[in-house]
Amino acid sequence: MNNSHVIPADCTPGTPGGYNALLGDDQAARDYLLGLTWPMGDPFCPRCGHRKVYTLSGERLRCASCKYTFQPFSGRWINSGALSPSEWLRLINLFVEEQSVHQMKKALNLSYNTVYKALTAIRFAILAHAIDARQLLSPATGLDSYIKGNRLTGGPREMRMDTIPVYGILRRDGMVFVDLVPGFQAETLFHFHMNFHLKLIRTGNLVYTDRYKEYHALMFCGNDSLPYEIIRRYDEPPHIDAIEDDFWQYAQSRIKKFRGISCQRFPLYMKELEFRFNNRDECLNEILAAYLCALVPSAE
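Every position in the sequence shown, counted from 1, becomes a number in the working numbering once 373 is added.
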């Protein structure tokens, strides 16, 4: 996976009034986003990283090395949606406030599909900046099927019990990490449940377990093909509920709000919750703007 983009240490806009002053000024918003796109000041090729580029007509640029012709936001997450710069910044605000897609659609006067696609780009940008991004944007999760070249244009693969991945909740020094558990699929947890009495709890299509090794819980999002009826009922809660884990309480209340969550998109939502929880004291708006301006990683 290749991504030569550097996230600026300070993403605060230098304009008077800060971030909110950009929401109604499309040119100022564009200048701010271009500063995050090229944090070293000069444009570079999104394909090969070469820093000598030529200016063509209509804001087009051409790389002197590989001859690739591109636009300023080509090859970046922010290019995966037909929003203007100020609309992107307003959408980020609404996302941080945890508004629904319908509320965002109304506030921005955009179509549902436009907003949904832009939100998908935000969630992929978050996941792409996680420490385990290489592992997650791979065939093991199926998320690689959403990316074609350096564009977010693909679609989900069909998933069965033997291909639905399993994730683990790990706590370290007040931080939470939602890890892909290598070699585990939904089928594995059903096997452990039936033969080794690993406790399974079902909430809709979400299934989670008792403590397993270093993980507070293992979990996956299933589909209608799974044999949920074999899950036993328990009088005692699983470990993560018994200890009243603060992240799990935070996550469960929000998972219920996600409409139509699928096993294919499940890691996007869980990494979003990981990001929100671990950065709950930070200014998320500016971090997300920088993430969106980063290059879409190529699976190479």
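The hints are simulated quantities; they were obtained by calculation from the structure and are not laboratory data. Small disclaimer: the values here were computed from a predicted structure and weren't measured. The beta-carbon is built from N, C-alpha and C at its ideal position, and this holds for glycine as well. Each hint should be verified, as a subset may be incorrect.
To be verified - In silico DSSO-like pairs for lysine-lysine, Cα to Cα no more than 27 Å straight-line:
#	residue 1	residue 2
1	630	572
2	440	425
3	586	479
4	586	490
5	572	586
6	425	490
7	630	479
8	586	478
What the hints assert, rightly or not - Computed spacing ranges between beta-carbons, pair by pair:
#	residue 1	residue 2	range
9	529	471	42 to 50 Å
10	547	626	29 to 37 Å
11	507	425	24 to 32 Å
Here's how the hints hold up against the structure:
no. : hint                     : verdict
1   : 630 with 572             : holds, 25 Å
2   : 440 with 425             : holds, 10 Å
3   : 586 with 479             : violated, 46 Å
4   : 586 with 490             : violated, 37 Å
5   : 572 with 586             : holds, 13 Å
6   : 425 with 490             : violated, 33 Å
7   : 630 with 479             : holds, 18 Å
8   : 586 with 478             : violated, 43 Å
9   : 529 with 471: 42 to 50 Å : violated, 24 Å
10  : 547 with 626: 29 to 37 Å : violated, 19 Å
11  : 507 with 425: 24 to 32 Å : holds, 29 Å
Hints 3, 4, 6, 8, 9, 10 from the earlier list are contradicted by this structure; the remaining hints agree with it.
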